[in-house]
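Asker: The lines below spell out each chain.
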Amino acid sequence: MEKVMMKLGGLTCPSCLAKIQKGVEAVDGTADVKVLFNAGKVKFTLDPAVSSPETVQEGIEKMGYTVQGTKMKEV
Amino acid sequence: MVKIQQFLTKHRQGLVILMTILLVLAEAARWLGQMSLAYQVIMALTGVIGLLPILLTAISALRVRLVSIDVLVSIAVIGAFVIGEYNEAAIVTWLFMLGEVLEDLTLKKTRSAVKQLTDLAPQTALVVDADGNTHQEDVDFLDPGAHVLIKTGAQVPVDGTVLTGDALANEASITGEARLVKKEVGDSVYAGTILENGTLTVETTAAGDDTTFGKIIELVEEAQDSQTKTQRFIDRFAQYYTPFVLLVAVVVGLLTRDFRLAITVMVLGCPGALVIGVPASTVAGIGNGARRGILFKGSDVMDRLRQVDTIAFDKTGTLTRGKPTVQTLVVLKGDRQAIIDRAVAIEGQSDHPLARSIAALPTQQPLTATKVETVKGQGIRAEVDGQEYLLGNRALVNAVVGDDAALTRAVAQLVAAGDSLVILASADHQELAVFGIKDQLRPQAAVALHQLKQLGVKRLVMLTGDNTGTAKEIAATLPIDEVHAEMLPQDKARFVADEREGGHRVAFVGDGINDSPALAAADVAIAMGSGTDVAMDVADLVLVKSTLASLLTARRLARRTITNMNENIVIALLTVLLLFIGLFAGYVEMASGMLIHELSILIVILNSMRLIKYSPQN
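Chains as they are written, first to last, in our numbering: chain A, 457 to 531; chain B, 37 to 654.
None of these hints come from the bench; they were simulated from the model. Using N, Cα and C, we set each Cβ at its ideal position, and we do this for glycine too. Any given hint might turn out to be false.
[Stated by the list, open to error] Straight-line C-alpha distance at most 25 angstroms; calculated BS3-like pairs for lysine-lysine:
| no. | chain 1 | residue 1 | chain 2 | residue 2 |
| --- | --- | --- | --- | --- |
| 1 | A | K499 | B | K144 |
| 2 | A | K463 | A | K527 |
| 3 | B | K407 | A | K497 |
| 4 | A | K527 | B | K407 |
| 5 | A | K490 | B | K251 |
[Said to hold, decoys possible] Covered by chain B, according to a simulated footprint, are these stretches of chain A (three or more residues, beta-carbon under 8 angstroms):
| no. | region |
| --- | --- |
| 6 | 477-489 |
| 7 | 493-505 |
| 8 | 517-527 |
Just chain B, with the same shape it has in the complex:
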């Protein structure tokens, strides 16, 4: 029986065509006149052909104690046979089957955007074994450590580190930036990116689902099938609704003694459009976002983002590019190059963005720092050549430097210029200098923030670990309502939690590196850039293209998708209402009821398809 069912499912389109031909034949027979027997026989045959797949599906549903739509339709059609309405049976099953085929085709269309993304996932890799021979292997069976050969024009199949060769890679699928990145020995490459030029041998660090690209795909796949609260309600509702319709039909049948009316109720009560409408909008909306590098973790995230009234930005990496560079070095005591050499040695140990900008300065003499100790929220303490150094903010160096007028003046000047500061002081008072570091604002930051406000976000807040003067200076050029500076990661989390406590709906935007506590505390956690796994894990919304414009697009898309869902719910409910009014007014019968029912399903799917093409105007 299973074989028959699978066969029928596979050849559903053929069945529908066969039934269509039979229906035309039957009508032709009637039109030619005096062939009512042939008409009846062909109709009955069509009905049986149509009923078979529906009945088999219904039986397998009943086996797991589920009263599905197929059960309702099967009973109704069998009922039609019993009272000799062969043509009703034929037309109802034909419409139902045709509807399913069209539903399948149109739903495929709503999934197209996500499909395009998953199709980009690498399938096989060219593995180099110990003897230097190569062979193709499925990426799912690759272990970390495997050596993989990638040639010009090929897709990078794994996440890994370059062992030999150099090449230019297009990493748009991961970073959203369509420019070529140079890859040399020791560099990281990512699955799903394309080698535009050159050949590489790569040592695998992750393959298949474990790669960054694999995680993006998994995120989107789970998201397209995620459910809003409304939909969870509808699904629960549908589980009880279908048996309820069955019960109503039986009661109507018993009360009115009208068998025909009872089976008609069963056909009209099918909850089709209500069940399909919301998932269709979800998949189209999520797919639209995914195509633009806007990864929603679910439709409930869209619902929450739509309602956000406060957005808190971690300054570095969101409002600014997150790639600060040293602009000025004010040396108050000591030798300039010696100070740079020591600072580079010490900051080389840190991952902080400011530290990295100092570590990138040109050195003359390579030194090593020892006894490196991080002072949380302040800076670093370390030793170079037996001398102790402090590198960090004013609070850190105050113990050594005390009240130094020259330092205060230098600091004030740099702060006024909007620079971030790192002060270097030696414990023996012989060396003292201030690094002025600037992080460029993202292009269009001001415009994007203004538009966010127009979209109904009431408050924009900047949270930063930077000093107050610098933070205010940067915020001055932006439509930011509040600035909170000198914050530690846990302060940011507390701020977000307090605001939510105060009745605000808060989104937190971070680059995901040291913001996980605040991200976790927010209504909507937004990570810019998909480079870090942490961001992908904690965030509700990942903006692959690190632009504020994509945040705007996300908000518009979220609003549009939820509206689309609600439209579909209204269409579905109105259809059922109209059908029943029509039924009791005597306008609607079994076949026409099925027609309207199937039409309503197509209408909600077509409505969702508008979301695929939707292009938010920034």
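One chain only, chain A, in its complex shape:
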């Protein structure tokens, strides 16, 4: 499992928060999704065998937000 943190752009309202939360949860292999509105970040764990951070990033960008940076750590 990998711990992933993405710095987001374009987060403007708290309803974006629920949207990103649902969008990331919808990707298989993600768990413990936490969207930090004030920090403008999303944190989650990812099973690299099932999905990749790129897939998640695509999903987020499709909803109209930008991913400014990604950090990963093995757990």
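We have chain A already, so just place chain B on it with the hints.
Answerer: Positioned in the frame of chain A, the structure of chain B alone reads:
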């Protein structure tokens, strides 16, 4: 479509300005008279421009099966177009967009305190490679072991150990104390601190998020987005509330056959201020604390701290400075310097604060202790030069010394002076001495405790592993209600658990070193000093500045923040209530409803902003 959406989000401010100009033009056209066609066309154009970004956001929300505010507004505006109310459509979208822009700007302000802190995080380091060449590197990609060069005036980029050079460092960002600390070969340096003078080469032990400063930032970042029970409820509520408003609008439309009324209900039902009010207070309150070195792990911690009625202090390091020094040495048998040399050798093996004070005494002959064995809650047993020694409290040495009248007298005298004791006894009865060790009370301890009581804390309890006489002596000068002495770490945890069982809300204050069981057992775990990782992990509240005054400030800030949240909830609910009364009384229409709605959002954000400037008077 995504590109368009991102483009529109990016240029939202420009859009609002464009719409404002168009609205003025439209009004001008009407005022000049007889140009109602131009008026209608410009209004319709404005409405379309405003609707576009809202609609796109709504569609992407619906894709993940979320009925967001944008969905309500989109339907309402499309409805306005259908019945030919172009000016309503234009004004509603304009207000909504303007509101979002203002919301964004003001929310940024509420986050300013936390932002100031995260901006202090080092970004790059000057890495020295094997050939002695230096290059800049992002701290996130540094591995432990990397050698880093730090020059005068620069920020220390990593946690590490000094390899070469000496310098003066300002460690205020970590310890809260704005004084210069000397750094020499072998000393630890911390990321986020500043080298005021000198140059160092440092071997990295931790970089990026793993440093102490990185952990402080992570803690605050998570805290500002944490939720109280009330807010979790509101969020769940909002998820069902928005579709519910949609349903109500449809029902109203079907019953009254009044399409206009139905879409107005949709605009008025937006839960804006209710959703934004509590997080805005949270981020402002947490940020205010972070700026003062008061790190709440979440807004729920504030809620619990506000309700605490009993505070238990671990004496050493909280009520006292935690840096005890040897005041007296009473030698009953044996040679004074020989006893000091042996005691230093043995205590050098221990991390206990009392042991460290003895280990700091000047020696004449460096000795080594062997067969060192810790007797939990009592002291140490060890051998020096083939002779066995006991070093600890009376219980430990009793087996060897027995009933010794001279020892009892010496002990009684030191206890009366409020000293902590360490007794040294050799197994062959030839050496016997008592170290009297004093730990200074923190300045203003009595004042701060009195004020805590004024703030509604009913009981203040001192828990300590020290002996009863010493503990009572120290407590006598303080407004402490109860003293429990000679406690082991697990006794402290049991005390806290029992009190909670008895219906009290208990905060435990420790320095985080050997208090983790009691910290874990408390309603609110408070750690003084951020030096240890354990404290950061277990504690709910970290007081970076190790002062009792910051505990007071924390309690005041917690109370104030929660009050502010409740004010925002009341404002939000009152707004919705007023809007609906206004609607059915016929005073409120779609555009004016949107205006009031956006105003209520700005009011709750402005209310939270008062928390940023709030300064608790100690």
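Asker: Run every hint past the structure and note whether it holds.
Answerer: Structure-based check of each hint:
1. Using a Cα cut-off of 25 angstroms, the hinted pair K499 of chain A and K144 of chain B holds, with the two alpha carbons roughly 21 angstroms apart.
2. Our distance criterion of 25 angstroms between C-alpha atoms is met by K463 of chain A and K527 of chain A, whose separation comes to about 9 angstroms.
3. Restraint check for K407 of chain B and K497 of chain A: not satisfied, since their Cα atoms lie roughly 52 angstroms apart, outside the 25 angstroms limit.
4. Distance check on the hinted pair: K527 of chain A and K407 of chain B sit about 47 angstroms apart at the alpha-carbon level, beyond 25 angstroms; violated.
5. With a C-alpha separation of about 18 angstroms, the suggested pair K490 of chain A and K251 of chain B falls inside the 25 angstroms cut-off, and the hint holds.
6. Under the rule that three or more residues need a Cβ within less than 8 angstroms of chain B, the assignment of the region 477-489 of chain A holds, with 3 such residues.
7. Judged by the Cβ-Cβ criterion of 8 angstroms, the region 493-505 of chain A is covered by chain B as claimed, because 4 of its residues qualify and three suffice.
8. Residues of the region 517-527 of chain A lying with their CB closer than 8 angstroms to a CB of chain B number 7, which satisfies the three-residue condition for coverage.
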